[in-house]
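The whole structure should be built from the sequences, with the hints applied where relevant.
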Amino acid sequence: MKTAAICLILVSLFGCVTQEKKAIDTAVSTQLNKKAVTAKSTCSSNQVIVEDGRLAGDSAGVALGIDASMSTAPALLSAELGRVGLVIVKTANADTTVVLVKRVYLSQTLEAKQVNIVLEVRAPGLPSKIIRTAETSIMWWGSFEESEKAMAKVFRNTVVQLVGHLNASCRRT
Amino acid sequence: MKRLISSITLSAFLFSNVASAATADLPTPFASTLPIELRLTQQEIAVEVPNNGAVASLAVGGILGALVGAAINKASVANAEKRVAEIRNQMIDYDFSKQFESAFREKAALEYLGPKQEIKVSKNTLWAEISDKTAKPGKDILVINPSYSLSNKFDEVNVRMSVMLVDLEAKSNGKIKFKLKHSRNYAYSVLLQPGVRQSASAGAEDVALMGKDQLVAMINTGIDGIVEVFNISLSPEGKAKLAKGGKSAQYTVGEKRVRGMLFAKNGDGRDVFFQKGLNSFFVIGQPEAFTAAAAKTAEVAVQANAEVVAQAPDAQVVPAYSTHVSSDAAVQPASKSVEEDK
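Each protein sequence line maps, in turn, to chains A and B.
At position 49 of the first sequence the residue is numbered 49 (our numbering), and the sequence of numbers has no breaks.
At position 278 of the second sequence the residue is numbered 278 (our numbering), and the sequence of numbers has no breaks.
Just so you know, these hints were derived from the structure itself, not from any lab.
There could be a bad hint or two in this list.
[As the list claims (entries may be wrong)] Beta-carbon label-pair distances, calculated as ranges:
no., chain 1, residue 1, chain 2, residue 2, range
1, A, L55, B, G245, 38 to 44 Å
2, A, G164, B, K239, 56 to 62 Å
3, B, E169, A, S128, 47 to 53 Å
4, A, K35, B, K136, 38 to 44 Å
5, B, P27, A, T30, 47 to 53 Å
6, A, V160, B, K98, 30 to 36 Å
7, B, K82, A, G164, 58 to 64 Å
8, B, E169, A, P124, 55 to 61 Å
9, A, G82, B, R257, 55 to 61 Å
10, A, A94, B, D93, 19 to 25 Å
Virtual Cβ for every residue (Gly too), placed ideally from N, Cα, C.
If you want it as structure tokens, here you go:
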């Protein structure tokens, strides 16, 4: 109980030593452009729409000294899915697979940081599926670049998981 | 590396700061007319990872300790994340922030803090706002940060609330100077598996089997529980008790040993403890309160397993949730197991 209470205070206060807050969305997009996702959609008929399904006002975490609200997360994900060969649509119909962005956030202990991305995939004729990607890494420098790379890595892993699921769904339907 | 060194330095600074802040009671009512800040920043249920990093390194000294601690911590965090994924998936639409805000607005006895006390809600940490200089300067700002978590062995559900009274001053260079005047913590823990000592993986599996509804009920009970203790601690009776003080001792509640002073009884007749060192108020929710619901869940799980067995005789049967079922539904008081501290 005592240890947990100490941790709670220390973790809350950890942001004291962070640098100026910066927006992360653009930086993550740049990181994603540098290194392409290796996955490839094998399902040419798969139409996908990405929507924001996050709880109102949720921040993606700001303790790393960055503005990680990631308001453009659905757009970033759409762009990545388009690159791997999926057909991105702006209006859903009965044949559209809906990808809801449910969570995008950073969390941390004193020395480790985690990036979490959670999606809900609603493919026509199939039960909905939660796709969760998390990456834990040591907080070495606490730098902005360290955080954006971690976030970009989790975005890539999320796309790989999502495309794998959609490819498999395509074979089943 | 810079981060690790900073955290060690910060920890050392905080230890002295927290210790001094913990000696006084929260000076209520406030003269300040600034709103209370509810900082609702947690998006999903956490798993409490024992901290082996900077705090431990302070004890062993040096950077080596911090590095070893960090490595252990990373592994612990990764393992906890892996285990908690299914539970988080079940709770994907649970809005802890909304639940907490509603309970606090409805039930917190704000009249103890000051007349017409207002509440401001933020989804950012105070530290982020200090860091980017968007924090508003002011005196006597009460900052409340709730959280919810599972213990690292998945045998407790905890709702916690840190409360800090701070002054924020604008410096000539535009930076915000932070002064901690008082800090305290509240916790409401529900024990899940009394008497059953098992691995964290098995514990996580049991919690996942228990299902969303019961877990949410426990968390909501914890939210109401800490708001109630918050009220008790700020009441004239609570403040008088704090001023009077008392001896700390070790108690056993359910299967859990706790150390603290018996501070009060809550509305359910449960003991509220107070730990002087960290200004922590806490309640241990005994499992009897959830016995009926747990028994029902266990019954459903057993039936489901029976159906699985009937369909596939060789299939491995997943054990039902193993909550202790007691015929005595009354709340049992804590039992003192060790003589009082001097």
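Go ahead and decide if the range 30 to 36 Å is satisfied by the Cβ distance of V160(A) to K98(B). About 33 Å separates the Cβ atoms of V160(A) and K98(B), which means 30 to 36 Å holds.
Given the hint of 56 to 62 Å, is the C-beta distance from G164(A) to K239(B) inside that range or not? For K239(B) against G164(A), whose Cβ atoms are near 59 Å apart, the range 56 to 62 Å holds.
Can the suggested window of 38 to 44 Å be confirmed for the beta-carbon pair L55(A) and G245(B)? Once the Cβ atoms are compared, 43 Å apart, the range 38 to 44 Å for G245(B) and L55(A) holds.
Between A94(A) and D93(B), does the beta-carbon spacing fit 19 to 25 Å? Given a distance of about 24 Å, which is inside 19 to 25 Å, the answer is holds.
Range hint 38 to 44 Å (beta carbons of K35(A) and K136(B)) holds or violated: About 41 Å separates the Cβ atoms of K35(A) and K136(B), which means 38 to 44 Å holds.
With 55 to 61 Å as the target window, see if E169(B) and P124(A) comply at their CB atoms. Holds - the Cβ-Cβ distance for E169(B) and P124(A), about 58 Å, lies within 55 to 61 Å.
Could you check the hint for me, namely that P27(B) and T30(A) are 47 to 53 Å apart, CB to CB? Because 49 Å falls inside the window, the suggested range holds.
Could you say whether the range 55 to 61 Å given as a hint is met by the Cβ separation of G82(A) and R257(B)? At roughly 57 Å between Cβ atoms, R257(B) and G82(A) fall inside 55 to 61 Å, so the hint holds.
Falls inside 58 to 64 Å, the C-beta gap from K82(B) to G164(A)? violated, 19 Å
Given a hinted range of 47 to 53 Å, is it respected by the beta-carbon distance of E169(B) and S128(A)? At roughly 50 Å between Cβ atoms, S128(A) and E169(B) fall inside 47 to 53 Å, so the hint holds.
Consistency note: the structure conflicts with earlier hint 7 alone.
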